[in-house]
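Using the sequences and the hints given, assemble the complete structure.
Which chain is which? The protein sequence lines are R and A, in order.
Its first residue numbered 2, the first sequence is counted upward by one per residue in the numbering used here.
Its first residue numbered 2, the second sequence is counted upward by one per residue in the numbering used here.
No lab work stands behind these hints, which were simulated from the structure alone.
One or more of the hints may lead you astray.
[Said to hold, decoys possible] Calculated cross-link-like contacts (lysine-lysine; reagent style DSS-like; alpha-carbon spacing at most 25 Å):
(1) R/Lys35 <-> A/Lys56
(2) R/Lys5 <-> R/Lys144
(3) A/Lys5 <-> R/Lys190
Being a predicted model, the structure only gives us computed values, none of them experimental.
2 protein chains.
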Amino acid sequence: MEKKILIETSARHVHVTKETLETLFGKGAELHNKKDLSQPGQFACEEKVTLVGPKGQTTASILGPCRPADQVELSLTDARALGVSVPVRESGDIAGTPGLKLVGPAGEVTMKEGAIAAKRHIHMTPEDAAFFGVSDKQIVSVKANTGRSLIFGDVVVRVSPKFALAMHIDTDESNAAAALGTVYGEIVK
Amino acid sequence: MEKKILIETSARHVHVTKETLETLFGKGAELHNKKDLSQPGQFACEEKVTLVGPKGQTTASILGPCRPADQVELSLTDARALGVSVPVRESGDIAGTPGLKLVGPAGEVTMKEGAIAAKRHIHMTPEDAAFFGVSDKQIVSVKANTGRSLIFGDVVVRVSPKFALAMHIDTDESNAAAALGTVYGEIVK
Numbered sequence: 002m003e004k005k006i007l008i009e010t011s012a013r014h015v016h017v018t019k020e021t022l023e024t025l026f027g028k029g030a031e032l033h034n035k036k037d038l039s040q041p042g043q044f045a046c047e048e049k050v051t052l053v054g055p056k057g058q059t060t061a062s063i064l065g066p067c068r069p070a071d072q073v074e075l076s077l078t079d080a081r082a083l084g085v086s087v088p089v090r091e092s093g094d095i096a097g098t099p100g101l102k103l104v105g106p107a108g109e110v111t112m113k114e115g116a117i118a119a120k121r122h123i124h125m126t127p128e129d130a131a132f133f134g135v136s137d138k139q140i141v142s143v144k145a146n147t148g149r150s151l152i153f154g155d156v157v158v159r160v161s162p163k164f165a166l167a168m169h170i171d172t173d174e175s176n177a178a179a180a181l182g183t184v185y186g187e188i189v190k
Numbered sequence: 002m003e004k005k006i007l008i009e010t011s012a013r014h015v016h017v018t019k020e021t022l023e024t025l026f027g028k029g030a031e032l033h034n035k036k037d038l039s040q041p042g043q044f045a046c047e048e049k050v051t052l053v054g055p056k057g058q059t060t061a062s063i064l065g066p067c068r069p070a071d072q073v074e075l076s077l078t079d080a081r082a083l084g085v086s087v088p089v090r091e092s093g094d095i096a097g098t099p100g101l102k103l104v105g106p107a108g109e110v111t112m113k114e115g116a117i118a119a120k121r122h123i124h125m126t127p128e129d130a131a132f133f134g135v136s137d138k139q140i141v142s143v144k145a146n147t148g149r150s151l152i153f154g155d156v157v158v159r160v161s162p163k164f165a166l167a168m169h170i171d172t173d174e175s176n177a178a179a180a181l182g183t184v185y186g187e188i189v190k
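Listed below in structure tokens is the structure:
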């Protein structure tokens, strides 16, 4: 086992409740798996929605399965184009964040909250955490050896036996590092 | 004097030759200063052009004064939206880079080359260089104490008595650091 961590880029995406899914895609609608993601059980869906903000709109894929709350994860570049000011938050921590309008083929949903820029993070198992000498919620730095070398500070470690080892960054962060192709980082604490 | 360096974000922009300016805006056209930039003699112009790539188009301001060659500086997010693959280069180093079509109110110019993502850099005077203990073309790292802390590697130092002390990053890099408002960095070498 090596001390390297796969760095994956998350493009803007949406998590939806079952209720929102049915409003957007029709009664009885289900998500269709287009591609499995690195985290076990998570998948990119065939279903796309239009995100509408005060200044613009764009499309985003839904990631499945359904969740207990609607959440839109944007880069700060996306947020600016849509005209919303989103905080950098961990997934699920959406209290007080702005909402967006989601438009699907069968209807639309105006979110009260849930638009964030995801705080960069590393998913890992308890065994990975022991190997790296880190713990759940610990903040570390990660050096990316990419086209534009960077050390990302403020990276939160998330530990669960349900996870697989991977660091997630957004498209701004990926482009700032010129992280093209398969890239790896190392924890420098 | 402090060891801190102002970090400025450069949005996508265009440098044009006098000839290109006249093609885009008409015979005898001149640039109109909208706002002085930090570097002495450089200014953002009232004039905007449309950048047209294989997959999309967008607008960008011209920065004056005119230069010996046309050059478009994009973020990698911009480049992806336009459908061009641009290298990370220092300003002026455009050999073998892709071109774009520039469209103005009076005409258009198809660039043979000149679209780049600007390599992050620090402008400084010889006195600044002596103070920081660095030299022209040296590669350093800069720690940004921002909303999302980052250490930028691969930062090139550019020294000239015509410069003023400032680090320039693009919008992806700025967003990756959540560099909102007036932010500073320090050289960590």
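Hints and how they fare:
1. R/Lys35 <-> A/Lys56: OK: R/Lys35 and A/Lys56 at ~24 Å, within 25 Å.
2. R/Lys5 <-> R/Lys144: The hint holds at about 10 Å.
3. A/Lys5 <-> R/Lys190: Roughly 23 Å separates the two Cα atoms, so the pair holds.
The structure shown violates none of the earlier numbered hints.
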